[in-house]
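Engineer: In case you want the letters, here they are:
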Amino acid sequence: MTCLQGLPTLQEIVNLVLRIITSRTFLEVVFFPGFLNVMLSAAFLTWLERKVIARVQLRIGPLYAGISGILQPIADGVKLMFKETIFPELADTKLLMLCALGLMLLAFAPAVAIPFGEGFVIANMDVGLVYVFAVLSLFPSVILLIGWASNSKYPFLGGLRSLFQQVAYEIPMWLSVLGIVMLTGTLNLTKIVEAQQRLWFVVPQVLGFAVFFTAALAELERTPFDLPEAETELVMGWMTELSGVPFMIGFLAMYTKLYVMSALITTLFLGGWSGPGFVPQPVWVLLKTFLVASVIVVIRGSFPRVRVDILLKTGWTRLLLLALVNILVTVALISFGLDWVWRI
Amino acid sequence: MPDIVFLTLSGLVIVSAIFALEARELIYGAVGLAFSLIGVAGLFILLGAEYLAMFQVSVYVGAVVVLILFTIMLVRRESGRIVEEEEPGRLGRAGILVAGLVALAVAGAVILVVPMSLEAPEFHGIPLRELGRYLASSYAVALVILGILIGATVVGGLTLVKVEREETNSGAAQ
Amino acid sequence: MGLDTWSLVTVYEIVVFLVTVPLLIFGWLMGAKGKNPIRDAPFESGQTHLGEARQRYMMQYYPYLIMFIVFDVVAMFLFTWGLAFSGVPLTQDYLFLVFIAVLVAPLGYALYLSGRREFW
Amino acid sequence: MEPLSSYIILSAALLGIGIYGLVSKRNAIRLLFSVELIVNAANINFVAFARYSNPPMLTGWNIVFFSIAAAAMEATVGLALILVAFRLNGTIDVRRLNRLRG
Numbered sequence: 001m002t003c004l005q006g007l008p009t010l011q012e013i014v015n016l017v018l019r020i021i022t023s024r025t026f027l028e029v030v031f032f033p034g035f036l037n038v039m040l041s042a043a044f045l046t047w048l049e050r051k052v053i054a055r056v057q058l059r060i061g062p063l064y065a066g067i068s069g070i071l072q073p074i075a076d077g078v079k080l081m082f083k084e085t086i087f088p089e090l091a092d093t094k095l096l097m098l099c100a101l102g103l104m105l106l107a108f109a110p111a112v113a114i115p116f117g118e119g120f121v122i123a124n125m126d127v128g129l130v131y132v133f134a135v136l137s138l139f140p141s142v143i144l145l146i147g148w149a150s151n152s153k154y155p156f157l158g159g160l161r162s163l164f165q166q167v168a169y170e171i172p173m174w175l176s177v178l179g180i181v182m183l184t185g186t187l188n189l190t191k192i193v194e195a196q197q198r199l200w201f202v203v204p205q206v207l208g209f210a211v212f213f214t215a216a217l218a219e220l221e222r223t224p225f226d227l228p229e230a231e232t233e234l235v236m237g238w239m240t241e242l243s244g245v246p247f248m249i250g251f252l253a254m255y256t257k258l259y260v261m262s263a264l265i266t267t268l269f270l271g272g273w274s275g276p277g278f279v280p281q282p283v284w285v286l287l288k289t290f291l292v293a294s295v296i297v298v299i300r301g302s303f304p305r306v307r308v309d310i311l312l313k314t315g316w317t318r319l320l321l322l323a324l325v326n327i328l329v330t331v332a333l334i335s336f337g338l339d340w341v342w343r344i
Numbered sequence: 001m002p003d004i005v006f007l008t009l010s011g012l013v014i015v016s017a018i019f020a021l022e023a024r025e026l027i028y029g030a031v032g033l034a035f036s037l038i039g040v041a042g043l044f045i046l047l048g049a050e051y052l053a054m055f056q057v058s059v060y061v062g063a064v065v066v067l068i069l070f071t072i073m074l075v076r077r078e079s080g081r082i083v084e085e086e087e088p089g090r091l092g093r094a095g096i097l098v099a100g101l102v103a104l105a106v107a108g109a110v111i112l113v114v115p116m117s118l119e120a121p122e123f124h125g126i127p128l129r130e131l132g133r134y135l136a137s138s139y140a141v142a143l144v145i146l147g148i149l150i151g152a153t154v155v156g157g158l159t160l161v162k163v164e165r166e167e168t169n170s171g172a173a174q
Numbered sequence: 001m002g003l004d005t006w007s008l009v010t011v012y013e014i015v016v017f018l019v020t021v022p023l024l025i026f027g028w029l030m031g032a033k034g035k036n037p038i039r040d041a042p043f044e045s046g047q048t049h050l051g052e053a054r055q056r057y058m059m060q061y062y063p064y065l066i067m068f069i070v071f072d073v074v075a076m077f078l079f080t081w082g083l084a085f086s087g088v089p090l091t092q093d094y095l096f097l098v099f100i101a102v103l104v105a106p107l108g109y110a111l112y113l114s115g116r117r118e119f120w
Numbered sequence: 001m002e003p004l005s006s007y008i009i010l011s012a013a014l015l016g017i018g019i020y021g022l023v024s025k026r027n028a029i030r031l032l033f034s035v036e037l038i039v040n041a042a043n044i045n046f047v048a049f050a051r052y053s054n055p056p057m058l059t060g061w062n063i064v065f066f067s068i069a070a071a072a073m074e075a076t077v078g079l080a081l082i083l084v085a086f087r088l089n090g091t092i093d094v095r096r097l098n099r100l101r102g
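Protein chains in written order, with my numbering: chain A, 1 to 344; chain B, 1 to 174; chain C, 1 to 120; chain D, 1 to 102.
Hints in this document: simulated from the structure, not taken from any laboratory. Any given hint could be a false lead.
Pairs of lysine to aspartate or glutamate residues, derived as EDC-like cross-links and limited to a Cα-Cα distance of at most 16 angstroms, are as follows [unchecked claim]:
hint, chain 1, residue 1, chain 2, residue 2
1, A, LYS191, A, GLU84
2, C, LYS33, A, GLU118
3, A, LYS83, C, GLU44
4, C, LYS35, A, GLU84
5, A, LYS191, A, GLU89
6, C, LYS33, A, GLU89
7, A, LYS191, A, ASP126
8, C, LYS35, A, ASP126
9, A, LYS94, B, GLU25
Quick list of simulated restraints, FRET-style, between CB atoms [to be verified]:
hint, chain 1, residue 1, chain 2, residue 2, range
10, A, VAL206, D, VAL94, 52 to 58 angstroms
11, A, LEU58, B, GLY11, 39 to 45 angstroms
12, A, ALA210, B, ILE145, 55 to 61 angstroms
We put the beta carbon where it would ideally sit given N, CA and C, even for glycine.
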């Protein structure tokens, strides 16, 4: 019996588990700003996209599952879970599975840095902005690997296009937020939101906002930059040969990325959680995020696709130049001493 | 707790580094290299250099590994087999011997010079603003030289690719 | 719980991992199985497939990758500069100007090349 | 925190792996991998020593900044060279790329 005295009793273990499960940190990580929120938001965005696109095209969209089809994403998810996972005969199955896992991990990773209220953020890191960009810069390699591992021509071409597109638009995106970094002198996303209490950054950084928004569209592979999965030429792009759960993960990852990008635009340019106080702060963040996402969706419904070489050239020359002009504007702003508005 | 983290990270770094060199497919090797570099970024975070870790991830894993993957995909024979004529044996054993000697020598020398169990001082992170200020003031010359290096890379890389394209187009290479 | 920032990121990623892996295994177990050469063939719009997709292809856009790496590094250095930037031009700002000025010539070369047909 | 020596041993091991690759591999891309590993071993040492000096120094960090940038540039040009060599010779086996020898 003596040797058992050092061990915790069952009661203690249960208590410990209960304490962990009900702790604020655990709830944050698993439920609200954390995993479940991101997943459900992404699912909600698929529904939103289908509804909005249907309205644009004078259709009705999902209708039967739940109230006006809001449970449709869940029904789709359950359906896909029971589908057969088919891989083409020449494919590299192990690498594909690994890439699906990696894609999921990558897609969910940036969401930890998004602040949902004063002090209401999972990871309040000093390098939050760069962290988000660093994680986003890992997507092209995973997608290229999926295209490669599928060993089929459409996914491979889609993967290559995706790679070049994301690579070409990453630099304008980085440089377009440099103005904000200069104005606030920090990379901490919470502090960036706090700096916008008086005036949102969309006003002084309107050029940066335009560049960031365009680059975000390209990074998300959405119309007018949806070349990697141009339905009429490349079927489904790099997702062509995915099926069952891997397809679901690829799909979910894309919408998670949409959510993260919209939330990032909200945080950086649209004041994050700031807004009239009659609505709680996290609700403001979600509202703005979904608003930005629906603007992106409406753009999908109304613009044609551009050609690949034009796309790449525009990315390098025009957007880069605009981002540099934005930096000069910011330098002028600071030099004239107007930056007191955003200094904390 | 940090001990487990350190051991996991160093295990990741070492194992995936070996995998990078020994994997049969070159593509797997590149994936191994990516994991190794991510592990090094994790070590940087453990050492308090968060910004450096992000720099490492975005430049190494986000850019260099992508370029490596792309090059590997370009460097193939028509048959689809990766060009690789490995010849393990004498050379491999010699490599292990040399590498082991060098690693032992380096580790031994450094550990002899540095106090064995030097404790880390208290550290609460460095304000990132200081970093930029310091970088530009004390390392200005290095910065300008880096600018020249970057310029040389642009010119060199583009010229190489241009030459390559012209050769390919004229049919001289095939 | 005295967890710091990066531990929380790790915990979060572990949660994602713990959801994804069972999902993949579940899909693998629940889906139908069986070999069918036609269904397992790569999709090529209904045609009989032509084998390996990993053939040599155009490297038309290789320069973009080179420029990407270069600008990735430059952007990171610009971020460190932007963090320290404060209205009054200090010596360091001029030094960064030199850093940028050095980069202008190769950029001009790159843009000159991009103007040529079939390159970039 | 671990003692400094554990970081040194780790980086020495990484250096050893890199040198092993340089000595025994014949594929040019694998040689590039080895070089990257060696550079990373050096970087770990820089950051570790910067952290363990009292008070922690920024110098180590800054050197690693330049080191990473230089290594990225090296990889860029190196890969372009490998590509050209492959198109001209049809191989990236460094033993066969000996046409430059006098």
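Engineer: Is the hinted range of 52 to 58 angstroms satisfied by the C-beta distance from A/VAL206 to D/VAL94?
Structural biologist: Distance hint for A/VAL206, D/VAL94 holds at roughly 53 angstroms.
Engineer: Taking 55 to 61 angstroms as the stated bounds, is the beta-carbon spacing between A/ALA210 and B/ILE145 within them?
Structural biologist: 35 angstroms, violated
Engineer: Can you confirm whether the C-alpha distance between C/LYS35 and A/GLU84 stays at or below 16 angstroms?
Structural biologist: 12 angstroms, holds
Engineer: For the pair supplied as a hint, A/LYS94 and B/GLU25, confirm whether the alpha-carbon distance does not exceed 16 angstroms.
Structural biologist: This hinted pair holds, its Cα atoms lying about 13 angstroms apart.
Engineer: Given the hinted pair A/LYS191 and A/GLU89, is their Cα-Cα distance within 16 angstroms?
Structural biologist: Outside the cut-off at roughly 51 angstroms; violated.
Engineer: With the threshold set at 16 angstroms, check whether the alpha-carbon distance from A/LYS191 to A/ASP126 stays at or below it.
Structural biologist: Holds - the C-alpha atoms of A/ASP126 and A/LYS191 are around 9 angstroms apart, at most 16 angstroms.
Engineer: Check the hint pairing A/LYS191 with A/GLU84 against an upper bound of 16 angstroms on the C-alpha distance.
Structural biologist: Cα-Cα ~47 angstroms, so violated.
Engineer: Quickly compare the C-alpha distance for C/LYS35 and A/ASP126 to 16 angstroms and report which way the hint goes.
Structural biologist: Between C/LYS35 and A/ASP126 the Cα gap is close to 52 angstroms, so the pair fails against 16 angstroms, i.e. violated.
Engineer: Can you let me know if the beta-carbon spacing of A/LEU58 and B/GLY11 is within 39 to 45 angstroms?
Structural biologist: Between A/LEU58 and B/GLY11, where Cβ atoms are some 58 angstroms apart, the hint is violated.
Engineer: For a C-alpha distance cap of 16 angstroms, please report whether A/LYS83 and C/GLU44 respect it.
Structural biologist: 21 angstroms, violated
Engineer: Measure nothing beyond the straight line between the CA atoms of C/LYS33 and A/GLU118; if it is 16 angstroms or shorter, mark the hint as holding.
Structural biologist: Judged against 16 angstroms, a Cα distance of about 51 angstroms means the pair is violated.
Engineer: For the pair we were handed, C/LYS33 and A/GLU89, check the Cα-Cα distance against 16 angstroms.
Structural biologist: Since the Cα atoms of C/LYS33 and A/GLU89 sit roughly 14 angstroms apart, the hinted pair holds (cutoff 16 angstroms).
Hints 1, 2, 3, 5, 8, 11, 12 from the earlier list are contradicted by this structure; the remaining hints agree with it.
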